[in-house]
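Same order as they appear, the protein sequences are chains A and B.
Going left to right, the first sequence walks through residues 0 to 208 as numbering that gives the first Met the number 0 numbers them.
Going left to right, the second sequence walks through residues 0 to 208 as numbering that gives the first Met the number 0 numbers them.
By construction, these hints were calculated from the structure, which means they are not laboratory data.
Incorrect hints may have been included.
What the simulated footprint calls covered on chain A by chain B, stretch by stretch (three residues with Cβ under 8 Å from a Cβ of chain B suffice, anywhere in the stretch; the number is not a length) [to be verified]:
no.	stretch
1	65–72
2	96–107
3	138–151
4	155–168
Reference excerpt, derived from the structure (chain A facing chain B, CB under 7 Å, subset only) [to be verified]:
no.	residue
5	P48
6	N49
7	D59
8	L91
9	Q92
Beta carbons are placed, not taken as given, at the ideal position from N, Cα and C, and that holds for glycine.
Number of protein chains: 2
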Amino acid sequence: MLTLYDFMGSGNGYKVRLLLTQLGTPFERVEYDIDRGATRTPDFLRLNPNGRVPVLQFEDGRILAESDAILVYLAEGTPYLPLDRFERALVLQWLFFEQYSHEPNVATPRFILRHLGADHPRRAELPQRQARGHEALAVMEQHLRGRSWFVEERFSLADIALYAYTHVAEEGGLELARYPQLRAWIGKVAAQPRYVRLLERPAGAAVTG
Amino acid sequence: MLTLYDFMGSGNGYKVRLLLTQLGTPFERVEYDIDRGATRTPDFLRLNPNGRVPVLQFEDGRILAESDAILVYLAEGTPYLPLDRFERALVLQWLFFEQYSHEPNVATPRFILRHLGADHPRRAELPQRQARGHEALAVMEQHLRGRSWFVEERFSLADIALYAYTHVAEEGGLELARYPQLRAWIGKVAAQPRYVRLLERPAGAAVTG
Numbered sequence: 000m001l002t003l004y005d006f007m008g009s010g011n012g013y014k015v016r017l018l019l020t021q022l023g024t025p026f027e028r029v030e031y032d033i034d035r036g037a038t039r040t041p042d043f044l045r046l047n048p049n050g051r052v053p054v055l056q057f058e059d060g061r062i063l064a065e066s067d068a069i070l071v072y073l074a075e076g077t078p079y080l081p082l083d084r085f086e087r088a089l090v091l092q093w094l095f096f097e098q099y100s101h102e103p104n105v106a107t108p109r110f111i112l113r114h115l116g117a118d119h120p121r122r123a124e125l126p127q128r129q130a131r132g133h134e135a136l137a138v139m140e141q142h143l144r145g146r147s148w149f150v151e152e153r154f155s156l157a158d159i160a161l162y163a164y165t166h167v168a169e170e171g172g173l174e175l176a177r178y179p180q181l182r183a184w185i186g187k188v189a190a191q192p193r194y195v196r197l198l199e200r201p202a203g204a205a206v207t208g
Numbered sequence: 000m001l002t003l004y005d006f007m008g009s010g011n012g013y014k015v016r017l018l019l020t021q022l023g024t025p026f027e028r029v030e031y032d033i034d035r036g037a038t039r040t041p042d043f044l045r046l047n048p049n050g051r052v053p054v055l056q057f058e059d060g061r062i063l064a065e066s067d068a069i070l071v072y073l074a075e076g077t078p079y080l081p082l083d084r085f086e087r088a089l090v091l092q093w094l095f096f097e098q099y100s101h102e103p104n105v106a107t108p109r110f111i112l113r114h115l116g117a118d119h120p121r122r123a124e125l126p127q128r129q130a131r132g133h134e135a136l137a138v139m140e141q142h143l144r145g146r147s148w149f150v151e152e153r154f155s156l157a158d159i160a161l162y163a164y165t166h167v168a169e170e171g172g173l174e175l176a177r178y179p180q181l182r183a184w185i186g187k188v189a190a191q192p193r194y195v196r197l198l199e200r201p202a203g204a205a206v207t208g
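All chains, full assembly: derive it from the sequences and hints.
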């Protein structure tokens, strides 16, 4: 069985849980409490020297890190990843947009507000990150005008990856009221069959630790 | 012919130039001066609403953004991208590592030092970014112990993507003296046939603008 090293509050972990649940693939989930530094211990660093969840381990011991690389691996040969070379590249374009322009500015404010104290010096990062987060959300809002999904009018990895932190952007102080297309799209993702919520334990997952 | 919207000093643009040159694929290069805001004009934002180079345009008008998505598209079916599903995922793992953990902390300090004035407020970001940049370089150094290349002992997209900003990390104040494996690997990349330097105009590129 696949093992997912994970943290329930992580949107990056959630992407993988959401895809595995949609695919109906059973997996074992091992929880690491990032608030207690569990991903920076020598044991965890042997799994992922970069000290981050999620990490996927195969039954034969092979290990894969980086949420979006895990998504692509798991979606190969499924409707979530197109076969056409250019459409695949467009999915990757949005995955890289998510990790570079979106995640540090939409997810990190949420992390700072949820996980760090009110007097933590990283609070000073919030205004700049939130401003850039709104730039990323505005790019998404513009793209969705006249479209239902991010790539080729089909629900794909691009939607799963972007949804994870977008739908909880308000927990990072990024109001979604100004983005009607995004709010409609969020509703459509949540209406997919076998949808699972961010903090919900997926039905197919055995839990350890 | 392919058109690459680019900026010569950009490592993200360089990745694509380096791959195209290695593949011997002719392309037209259009230079946008990011120091003069050329990627934030209405004309450029029609190409890429996210306002960043590089952008690849195909002869039929289709457009692809995000350097690492462009690399994957171009490398499909070449020795730079493995066919094996797990090996491909490992290449993607390093591409996402590059965009999330490496580029903001190795490339951005170089950008701040080269492109922003000595009294620019973004200079305050340097210590934190450089500290995280060293963490990313240390992950790479550790991975290369006993290895020649990042994935499966073959020169691949993972090496091209990581090389672009690593080999000029010192321009961002990140000394490479402490990383002997990285320095040896940098030498091996630069010794590849058809190698082209960061600020060198590629032989196969016609230039406009």
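Okay, the hints, checked on the actual structure:
1. 65–72: holds (count 7)
2. 96–107: Our answer is that it holds, as 6 residues pass the Cβ test (under 8 Å) against chain B, meeting three.
3. 138–151: Our answer is that it holds, as 3 residues pass the Cβ test (under 8 Å) against chain B, meeting three.
4. 155–168: violated (count 0)
5. P48: For A/P48, the interface hint holds, since the closest Cβ of chain B sits about 5 Å away, which is under 7 Å.
6. N49: At about 5 Å, which falls below the 7 Å cut-off, the nearest Cβ of chain B leaves the hint on A/N49 intact, so it holds.
7. D59: Not OK, violated: A/D59 not within 7 Å of chain B, min 10 Å.
8. L91: 4 Å, holds
9. Q92: Interface hint status for A/Q92: holds (4 Å vs cutoff 7 Å).
Hint check: violations occur at hints 4 and 7; the rest are consistent with the structure.
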